[in-house]
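S.K.: Below are the chains, spelled out letter by letter.
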Amino acid sequence: MAEKMALAKAINESLRRALETDPKVLVMGEDVGKLGGVFRVTDGLQKDFGEERVIDTPLAESGIVGTAIGLALRGYRPVVEIQFDGFVFPAYDQIVTQLAKMHARSLGKVKMPVVIRIPYGGGIGAVEHHSESPEALFAHVAGLKVVSPSNSSDAYWMMQQAIQSDDPVIYFEPKRRYWDKGEVDPELIPGPLHRASVVREGTDLTLAAYGPMVKLCRQVADAAAEEGKSLEVLDLRSVSPLDFDTIQTSVEKTRRLVVVHEAPVFLGSGAEIAARITERCFYHLEAPVLRVGGYHAPYPPARLEDEYLPGLDRVLDAVDRALAY
Amino acid sequence: MAEKMALAKAINESLRRALETDPKVLVMGEDVGKLGGVFRVTDGLQKDFGEERVIDTPLAESGIVGTAIGLALRGYRPVVEIQFDGFVFPAYDQIVTQLAKMHARSLGKVKMPVVIRIPYGGGIGAVEHHSESPEALFAHVAGLKVVSPSNSSDAYWMMQQAIQSDDPVIYFEPKRRYWDKGEVDPELIPGPLHRASVVREGTDLTLAAYGPMVKLCRQVADAAAEEGKSLEVLDLRSVSPLDFDTIQTSVEKTRRLVVVHEAPVFLGSGAEIAARITERCFYHLEAPVLRVGGYHAPYPPARLEDEYLPGLDRVLDAVDRALAY
Amino acid sequence: MTVESSAARKPRRSAAGKTGTAGTGRSTRSTVKQGTEPELVQLLTPEGKRVKNAEFDAYVAGITPDELRGLYRDMVLTRRFDAEATALQRQGELGLWASLLGQEAAQIGSGRATREDDYVFPTYREHGVAWCRGVDPTNLLGMFRGVNNGGWDPNGNNFHLYTIVIGSQTLHATGYAMGVAKDGADSAVIAYFGDGASSQGDVAESFTFSAVYNAPVVFFCQNNQWAISEPTEKQTRVPLYQRAQGYGFPGVRVDGNDVLACLAVTRWALERARNGEGPTLVEAFTYRMGAHTTSDDPTRYRHDDERVAWEAKDPILRLRAYLESSNHADEGFFAELESESEALGKRVREAVRAMPDPDRFAIFENVYADGHALVDEERAQFAAYQASFADAQGGN
Amino acid sequence: MTVESSAARKPRRSAAGKTGTAGTGRSTRSTVKQGTEPELVQLLTPEGKRVKNAEFDAYVAGITPDELRGLYRDMVLTRRFDAEATALQRQGELGLWASLLGQEAAQIGSGRATREDDYVFPTYREHGVAWCRGVDPTNLLGMFRGVNNGGWDPNGNNFHLYTIVIGSQTLHATGYAMGVAKDGADSAVIAYFGDGASSQGDVAESFTFSAVYNAPVVFFCQNNQWAISEPTEKQTRVPLYQRAQGYGFPGVRVDGNDVLACLAVTRWALERARNGEGPTLVEAFTYRMGAHTTSDDPTRYRHDDERVAWEAKDPILRLRAYLESSNHADEGFFAELESESEALGKRVREAVRAMPDPDRFAIFENVYADGHALVDEERAQFAAYQASFADAQGGN
Ligand SMILES: Cc1ncc(C[n+]2csc(CCOP(=O)(O)OP(=O)(O)O)c2C)c(N)n1
Ligand SMILES: Cc1ncc(C[n+]2csc(CCOP(=O)(O)OP(=O)(O)O)c2C)c(N)n1
Ligand SMILES: [Mg+2]
Ligand SMILES: [Mg+2]
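Residue numbers (this note's numbering), protein chains in the order written: chain A, 1112 to 1436; chain B, 1112 to 1436; chain C, 463 to 858; chain D, 463 to 858.
Excised from the complex, chain A in its bound form (with noise of 0.2 Å):
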């Protein structure tokens, strides 16, 4: 029975329902209990679930990952919250080094089936360090699987099928669309967590973007529509690993690239996409794959946010200018 939820909402059901499903999910992290999280993704659960499933832990990002992964040997899968994107660097130790590298080491023997939510991105007028984009800083390192949903009903499968991966998941939720509204099937029969999808065909140029940015794509190709070009929007779900073949295809037809993320484009994922979407596509790339996205700047004062942030018309001069090729 397809309903209508927030973005927000759909995370919560579907940790809902993994508490319900599997006695061993366990929901951790910083005010997660009866406040329900700052933006209230787990608002209700402690509730029903009680302390033991749901567990207010200590103000210690390390703390949190460190013992999760001891939860994980012990055969929990935790889903931590890192309450924002910008604390999630007392943990990068333990994520990196042994949350990412465990499988590995053990050559196989213990699994982590670990999610981190982090909700990440600008565009809610927050103040320092609640509105960054670190996503290139784990997709960068192997033993980790990096995805974001653009909207609810991705919010709700992706989270299903991140809690159900016996590898650490790196879930970043889209902050500023929270409040969205979209709509959830509970019987839908997802496809594969790590699969870009095309949510608008196009033929003159694609835009590729993930989380935040793709409701800003489908804006971009609306008004670029009405100029009479017609662009193809990804959604791309999966930063770790990118899913170049569905890329590669686009490109294939509409032989131009643009991609946009809210992260700084130095060293963020676009980096990665356009070297090798060039490196596949050489010969029919009419122009050089363009990045929009934030600068070598640490994230500004909110007043400035919008000027920061990929927004309509710079997305579209970017356009513009990979259609002059």
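Treat the hints with care, as some may be off.
[Claimed, not checked] Chain C stretches covered by chain A per the calculated footprint, using a threshold of three residues with CB under 8 Å from any CB of chain A: (1) 818–825; (2) 831–844.
[To be verified] Some, not all, of what chain A presents toward chain C, calculated at C-beta under 7 Å: (3) 1145; (4) 1167; (5) 1169; (6) 1170; (7) 1171; (8) 1173; (9) 1238; (10) 1239; (11) 1240; (12) 1377; (13) 1406; (14) 1408; (15) 1411; (16) 1413; (17) 1418.
Note that these hints are calculated values from the structure, not bench results.
We put the beta carbon where it would ideally sit given N, CA and C, even for glycine.
Got chain A; can you put chains B, C and D with the ligands on it based on the hints?
M.R.: Just chains B, C and D with the ligands now, kept in the frame of chain A:
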């Protein structure tokens, strides 16, 4: 008076000079004192400058960098040693959220002249966490500068410049080249810290590398020359900023580029170079920018590192592939 | 203390209540006493009665009526400033505000204990300490308005920027203090942090570094009972001031709603630092009367009874009662303060509303001190892009 | 204790010796005693005399001569294995070795205290504990030879992989113990770490988490006096076992060269865990007789006198003296053990030499449990690249 010395010794001499000339310079880290560091890079410094200037710290990397920030706020210029590449992650939070941002956060009121020395890379048959190349994880972060010398002279002079810089500099030391000898002329007037240098001229293809891979690329160029191919070799020296101008100039001439680094290819610095140079040289490139680097896998046990690391044959293979376009 | 029953404190299996009872205090074993809350250092009761304290009276022995009124004034104006900021957030002038309501005594007492050449490392809630340091309160609002990430020169008042990443600043303070010691200066450093922050590894590392280097730093923990929605029991099962002992330096719990006690204890701790006796931990036992920030809704996780109970210990009423009963302040003083308070509110309101948005090119400023080619390139691209609109508009 | 004079311990300014003297033990203040080393829990003197201990005797009361000989055998074989590994490194068969020489009693005593269903989280030096857990010692050598990064199934013997990043495993142990408690199991967890590791934020966070959740975990710190070249004074200015107190659980210092005391104290601590009394810190006071690893050169930072002094406290000689004086072991036992020891050495030598290099495709194995498109792609490229050589060779 130029003198031939090992790369490690060149850094040692450079630190000594800095300690001598600026009373605000401090050297700090684990085992940097009596032991002189596990690679002897700080050998003799504590003996000559005392425990107040050359400081053995508690075993806590976040503490080391965090207190270095405090010392910098007090007017000191700390040069911090992280013992091995794989042990920088406990300090990652302090580096990314504090060190990198303090200057911007204070609207320029405070400076962060902190150098973080990290012996990095593989090829020395070490155990886990002792052979990694995490430079992309720092270069993606605005506010940091990232450099890596390839030879004794650069090691000496780039350290002088890093210490003199009012910005935080992550100074990656190519540990497998520590024992390679080269001329160091303490009277030299060095070029800019972030300028790449053309270490071998060529016409058919450009090889770009930094740190430990420069020597390899020279060898590749030698081998290719025997087959009648003329390769230009760039020593990038700096990963943030990257000197795209020098790369562009070279590629406009050779029309082909292969980037080599030990770090995993996926989202490694080569991705950014490929993306940006393709944009800058779209009509010059005869082949896509190819990249040779580590695989998307944890650094393997020592007995497999030769398979994992870029070697002569793998780079030559990439050269051949690029030339075949 | 808190209304939340905490499962985490119950031993999970059979031995409820046994925890820590095995110890005998022998020298080979460190043991733990539990169950009873320790006494606080208190110089003023909640009713405003001055009580004697053999150890700490000396640190406020010479205090004059003028100084007492000064402390009162500080607290009143700080509270007023804070209320104004909360209101400005409601009006949309600020994006967020982190109120210090209830913590005025902890902040004014400790802040007034510092000397001009001391250095302060705050969290994001130390508006009262900033006040004591002479930072213009309107400067504090820039980051909450979203026009900057920290709007004052830390070296102007030896008051570091607000730090949002929990616990980080305790290491900066320790490093700074190491530098003070290296310089042979006799100033001291004070690092603020919360009960929640006590769990962060960085705070523990700052204890280790400061102890090993005997750094002249005071760790001032405002235990306001809550870290957003989590009561202190989620961070520790023993009183926080005891944490210091295991690192080799003293810890004290002070009544954080007693400005006189906070002043005395902080003076003592700073004096230790100046005298080369190294670090001290002060736990100021206080209460966050309001929400965590204006984004927070405390009704979701705590009963209002708790706040009401703490209202009886209000730091301002307490000092007022003492000032009045001891005839240290008259009607005129309170009336004058009231109008000063009004004036401050007005000034803050006007200053905030007048605060201009930053220039868009500020994005690229101060990323580096010595410049960076990529920033230059992106700034130029940005300028060209902006110019293209101007051109377009010009053309129309 | 150490030969290095430590400037860090000297108060930097006037107050030498004053540190911690301000405390009066009042309940508002935690204070620190310094200067005198605390007593150790000791059941066997360095000369091998059994001494009484009111508190801990009970934990080894029923120990049989057979078990005592077993402990001795464990220590001798562990030392032999360790010496063999050191020799194999010298011969180039291993890339590195981290010797446990001198720490046999701490490891065998604590390791033998664990029950089969307990879970152990080691550092990289717990060869003796591995032995007690039944891990084939040759398996430990894989990572030091460079054929893998951890060569055994952690769940095979409830003995986790060696962890090189200092301190990380204490959090894994705590999480695992939280899981044990959730499961309602009565097993316990033991986390090993070193004196150096005590400074890491992760270790502090593991103390916090285990205390808050009352997790059944024993923190077993082998204070071997050195963290590579740094003496313990660079990590703490008070004995490490005291660290626990500030987190709300007991800490004990035990003679780490006394296998009986280590057995007793660890049994006590594990029993606390099983009984739902939560975490305990055990500091085993011992000595790293050798270099940090085969790459290290301790002559650069410590005098040999120190090692010589500690030789008098050798854990193996001590138990041998006791076994002999109490007639618990005869010549035959020692002779037999000698040849068992020889056999072990031979077996290890042969096993290491026979250890094959890993298949080159192992690089791509186990990066993920559920596969990853990029790994598949790179594996395929690698295979094609390898095949090109085969082709080229075939062609010649
Ligand atoms: C590293 C990190 N994690 C999480 C947060 C989000 N956060 C902001 S304030 C806060 C609670 C802090 O509690 P406490 O230390 O007691 O200080 P208080 O807010 O009560 O003054 C949290 C979890 C953060 N700012 N930094
Ligand atoms: C995070 C981290 N930093 C640095 C190192 C390098 N290192 C390896 S062992 C060691 C000293 C450890 O000392 P201790 O904890 O006392 O254990 P011990 O070696 O004495 O058994 C250091 C600094 C590391 N492995 N991990
Ligand atoms: Mg608090
Ligand atoms: Mg040690």
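S.K.: Next, verify each hint and record whether it holds.
M.R.: Hint-by-hint comparison with the structure:
A count of 5 residues in the stretch 818–825 of chain C with a Cβ less than 8 Å from any Cβ of chain A is obtained; the coverage claim is therefore met, three being the minimum. For a cut-off of 8 Å, the count of residues in the stretch 831–844 of chain C with a CB near a CB of chain A stands at 5, and the three-residue condition holds. With its C-beta approaching chain C no nearer than about 4 Å, residue 1145 of chain A sits inside the 7 Å limit, and its interface hint holds. Given the 7 Å rule on beta carbons, the hint for residue 1167 of chain A holds: about 5 Å separates it from the nearest Cβ of chain C.
At its closest, the beta carbon of residue 1169 of chain A sits 4 Å from a beta carbon of chain C; the interface hint therefore holds under the 7 Å criterion. Given hint, residue 1170 of chain A at the interface with chain C, holds; its Cβ is 4 Å from that chain's nearest Cβ, closer than 7 Å. Checking residue 1171 of chain A against chain C by beta carbon gives a least distance of about 4 Å; that is within 7 Å, so the hint holds. Nearest Cβ of chain C to the Cβ of residue 1173 of chain A: about 6 Å, under the 7 Å cut. The hint holds.
For the restraint placing residue 1238 of chain A at the interface with chain C, the shortest Cβ-Cβ distance is roughly 6 Å, inside the 7 Å limit, so the hint holds. For residue 1239 of chain A, the interface hint holds, since its Cβ comes within 7 Å of a Cβ in chain C; the closest pair sits about 5 Å apart. Checking residue 1240 of chain A against chain C by beta carbon gives a least distance of about 5 Å; that is within 7 Å, so the hint holds. Hint status for residue 1377 of chain A: holds, given a least beta-carbon distance of 6 Å to chain C, under 7 Å.
The restraint placing residue 1406 of chain A at the interface with chain C holds, with a minimum CB-CB distance near 5 Å, inside the 7 Å limit. At a threshold of 7 Å, the smallest CB-CB gap from residue 1408 of chain A to chain C is about 5 Å, leaving the interface hint in force. Given hint, residue 1411 of chain A at the interface with chain C, holds; its Cβ is 5 Å from that chain's nearest Cβ, closer than 7 Å. The closest approach between the C-beta of residue 1413 of chain A and any C-beta of chain C is roughly 3 Å, which is under the 7 Å cut-off, so the hint is satisfied.
A hinted interface residue such as residue 1418 of chain A counts as satisfied when its beta carbon comes closer than 7 Å to some beta carbon of chain C; here the least separation is about 5 Å, so the hint holds.
Every hint, counting from the list given before, is met by this structure.
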